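Protein chains: 2
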Amino acid sequence: MPRVSQDHLDARRRQILDGSRVCFARYGYEGATVRRLEEATGLSRGAIFHHFRDKESLFLALAEEDAARMADVVAAQGLVQVMRDLLGGGEHPADWLGTRLEVSRRLRTDPEFRARWAERSRQLTDATRQRLLRQREAGNLRDDVDVDVLTSYLELVLEGLVSHLAMGLPADDLGPVLDLVEESVRRHRVRASLEP
Amino acid sequence: MPRVSQDHLDARRRQILDGSRVCFARYGYEGATVRRLEEATGLSRGAIFHHFRDKESLFLALAEEDAARMADVVAAQGLVQVMRDLLGGGEHPADWLGTRLEVSRRLRTDPEFRARWAERSRQLTDATRQRLLRQREAGNLRDDVDVDVLTSYLELVLEGLVSHLAMGLPADDLGPVLDLVEESVRRHRVRASLEP
Numbered sequence: 001m002p003r004v005s006q007d008h009l010d011a012r013r014r015q016i017l018d019g020s021r022v023c024f025a026r027y028g029y030e031g032a033t034v035r036r037l038e039e040a041t042g043l044s045r046g047a048i049f050h051h052f053r054d055k056e057s058l059f060l061a062l063a064e065e066d067a068a069r070m071a072d073v074v075a076a077q078g079l080v081q082v083m084r085d086l087l088g089g090g091e092h093p094a095d096w097l098g099t100r101l102e103v104s105r106r107l108r109t110d111p112e113f114r115a116r117w118a119e120r121s122r123q124l125t126d127a128t129r130q131r132l133l134r135q136r137e138a139g140n141l142r143d144d145v146d147v148d149v150l151t152s153y154l155e156l157v158l159e160g161l162v163s164h165l166a167m168g169l170p171a172d173d174l175g176p177v178l179d180l181v182e183e184s185v186r187r188h189r190v191r192a193s194l195e196p
Numbered sequence: 001m002p003r004v005s006q007d008h009l010d011a012r013r014r015q016i017l018d019g020s021r022v023c024f025a026r027y028g029y030e031g032a033t034v035r036r037l038e039e040a041t042g043l044s045r046g047a048i049f050h051h052f053r054d055k056e057s058l059f060l061a062l063a064e065e066d067a068a069r070m071a072d073v074v075a076a077q078g079l080v081q082v083m084r085d086l087l088g089g090g091e092h093p094a095d096w097l098g099t100r101l102e103v104s105r106r107l108r109t110d111p112e113f114r115a116r117w118a119e120r121s122r123q124l125t126d127a128t129r130q131r132l133l134r135q136r137e138a139g140n141l142r143d144d145v146d147v148d149v150l151t152s153y154l155e156l157v158l159e160g161l162v163s164h165l166a167m168g169l170p171a172d173d174l175g176p177v178l179d180l181v182e183e184s185v186r187r188h189r190v191r192a193s194l195e196p
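Protein sequence lines correspond, in order, to chains A and B.
Take 1 as the starting number for the first sequence in our numbering and just add one per residue.
Take 1 as the starting number for the second sequence in our numbering and just add one per residue.
None of these hints come from the bench; they were simulated from the model.
Just so you know, these numbers come straight off a predicted model, no measurement behind them.
Do not rely on the hints blindly, as some may be mistaken.
Which copy? The list can't say, so a pair holds if one copy fits it or any two copies do.
Here are the computed lysine to any residue pairs in the SDA-like style, where the Cα-Cα straight-line distance is at most 25 Å [stated by the list, open to error]:
no. : residue 1 : residue 2
1   : K55       : G175
2   : K55       : R108
3   : K55       : V73
4   : K55       : T109
5   : K55       : V147
Chain A with its partners taken away, still in its complex shape (with noise of 0.2 Å):
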């Protein structure tokens, strides 16, 4: 039998998360059985479980993937851009919005996941802090309230906006709402030119 190359294994491992991704968007954790996950991915349940446990590793290996780039972009753009591109103006809103709806749904109704999701909701509490002090260093943060304060505010606001999408509300008009939260956490320019 010839020996599978690394970057074989790597795009399989691409084509299953790929497809996977669309497939739990679609029909949710539960809904996803494994006879559809062969139909998105185009692979048998041989192969995919060659590369994944069981569904739950699979799911928590796209939700990982879902919150580093999460923690990218908060890292480049912050946590406000996160919930733009939440909104529909992002690269891949519905796929973040699939996962993020899921973990959210299971935060609530599963304490093992709740322990098991911790540390990478850390991740992004972490992005979001140190992008925060960044901003705070180059003066574009207002001084008056706590980082970490802030931090929870826009984990709040994100929270929100999940949900809201979650029940199916219209989500056009949120713009101006995510320009209202991005600017209560900036310097406000009067306050700053009274200052010495």
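Based on these hints, arrange chain B on the given structure of chain A.
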């Protein structure tokens, strides 16, 4: 058979609502079985369903009652106060949270419920909007952002808070976050003092 007085009927209805509220909060909608509702209210299923057509109607009556109470608090003290109550400072925080969580969950998962609830949801939006308009008249509200945007903003934060609590995340550090939310819809003193 003696005629049952209206007072007696009202008292019964109250007894059922109070008992089942505790039951729903403790076991969730699905977990609140008829047997448990009997135990919690101290009444037989016959008595309970004499007053309410079914479990769904009973839950809706409770959720409507809570929504009306929330609208009252909003009218008197604003939506941020509702959020502070959810954090535990209020009169019946656990009660409110119980029905609110269940409403949120069903809004996400049950399109039929979503349609039925739309009108009650508008109640809270209207109360919030009216309160903000009065605050603007009184000169307490920022006047550079549309009242509808401020209303959506506060509702988004409320939903984030409900979701946060539903996930069992620590909430004891959210007081300063709500201060920030409140301040971000207020007229800024420095700005005000610059006006002619």
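Exercise. Run the structure past the numbered hints and jot down the numbers of the failing ones, going up.
Key: Hints 1, 3 and 5 are the ones this structure does not satisfy, whereas the remaining hints hold.
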